Amino acid sequence: MAVVIARRDPLTQAQGVEPGYAQTARRWPSQPLARRPHTASELSGPQPVARLLPLVRGDLAGHGARRALGQLIRLRVRVVDEDGAPLPGTVVEAWHCNAAGKYIHPNDTHDAPADPNFYGAARLVAGDSGLVELRTIKPGAYPVPDTNGWWRPPHVHFSVWGRVWLSRLVTQMFFPGEPLNEADAILNAIHDPGARGRCIARLVPSTTNELIYDYQLVVRGRKGAPGMP
Amino acid sequence: MKRLVPTAEMTLGPFFPREFAEGANDLAGAAENVVEITGRVTELDGKPLDNVILEIWQADAGGRFDNPDFAGWGRAATDAQGNYRFRTIRPGAIPGRAPHVNFLILYSGLMRQLQTVMFFEDSNDPVLQAVQPSGRSRLIARATGKNSLRFDIRLRGGEETPFFDD
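Quick note, the sequences are listed as chains A and B, same order.
Counting in the working numbering, the first sequence runs without a single skipped number right up to 229 at its last residue.
Counting in the working numbering, the second sequence runs without a single skipped number right up to 166 at its last residue.
Just so you know, the hints here were simulated from the structure itself, not pulled from any lab data.
Heads up, a few of these hints could be off.
To be verified - Computed from the model, here is a short list of chain B residues facing chain A with C-beta under 7 angstroms:
(1) R3
(2) E9
(3) L12
(4) P14
(5) F15
(6) F20
(7) E43
(8) W73
(9) L106
(10) P162
(11) D166
Claimed, not checked - Counterexamples of contact, computed for chain A against chain B with all Cβ distances above 10 angstroms:
(12) A114
(13) E133
(14) T208
These numbers come from a predicted model, not from an experiment.
Virtual Cβ for every residue (Gly too), placed ideally from N, Cα, C.
Starting from the given sequences, assemble the full structure and let the hints guide the process.
So, in structure tokens, the structure goes:
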């Protein structure tokens, strides 16, 4: 069955130039984006990506003397399409900063300390029910350079392939109950409260020292006959 | 029927891990008829951008998207001067489409992925024709050698690259 990609809904997706996020006005195109017909080129995609890219690090928290600093967490992320059908075999990349708000990237000039036992990058493949699990530590908040006091709330970056070229998803997951969520220019670029709320993970009750969060990533695309609206 | 809303896209941010950005820009491997695509990614005022992630998706030389020996997908990152480089093969035509390479751009300050398409020559391709006539030439790569092409991407302002919504 062919995959159909519907147009983006402006309420549930950011629109480009966002107040409070100055770089968007230097980088988002000034001209309207063109609409194009969807052909085999846009409605196919690399399969399986897991054959092209090595899977790395399902556990960023470490153990014993090699344990990363911070609150131990487990992210249970389910990848589905718009029909709710799971996407086993799809590749998910995740990256986030350490508990002090510092990324492993050399371009991060924030003067927070690095954690020698933390390397914040994982590439995982979804199992039969579309589930990926990442054991890690909760990332810290950090200030955004050259802004008037903007601090990013704790968040985890995700990159997902989905079924076809147009279903590629790059996004960020947030944590519930974080005061910084209320003013974050990136989270609040999503105007629909429901869609914004779905970018916040759900804390699952547990009795261990590991906080468990459930999250769902919905990639674009549903099954349908080609040419259907 | 139940219909879920796609998750909101958000910016890649400036710190996409180097480890993920590197090592995937050679699609050609040991293939023959290799073509090199290079270019520079710039923002408003022409300033080059560092660590922009570009991904490409293309057909094989015969116009197929399901060739087990040619994945058709690659990823590159720009350097501090804004330059990227792919090593690939020239794709064949597919029914109704001229030879082309799909580009996806991810970066800090882009709340959503940007999509554009590189063509090898002016043609009657329906995707190229979907662009305003004044912008079409900016989707056609410039030959800089026998097997090398230049495809610059200007995100905003000046000679702005045409992008596609879907």
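We went through each hint and held it up to the structure:
| no. | hint | in the structure |
| --- | --- | --- |
| 1 | R3 | holds (6 angstroms) |
| 2 | E9 | holds (6 angstroms) |
| 3 | L12 | holds (5 angstroms) |
| 4 | P14 | holds (6 angstroms) |
| 5 | F15 | holds (4 angstroms) |
| 6 | F20 | holds (6 angstroms) |
| 7 | E43 | holds (5 angstroms) |
| 8 | W73 | holds (4 angstroms) |
| 9 | L106 | holds (6 angstroms) |
| 10 | P162 | holds (6 angstroms) |
| 11 | D166 | holds (6 angstroms) |
| 12 | A114 | holds (13 angstroms) |
| 13 | E133 | holds (18 angstroms) |
| 14 | T208 | holds (28 angstroms) |
Figure legend: structure checked against the earlier numbered hints; every hint is met.
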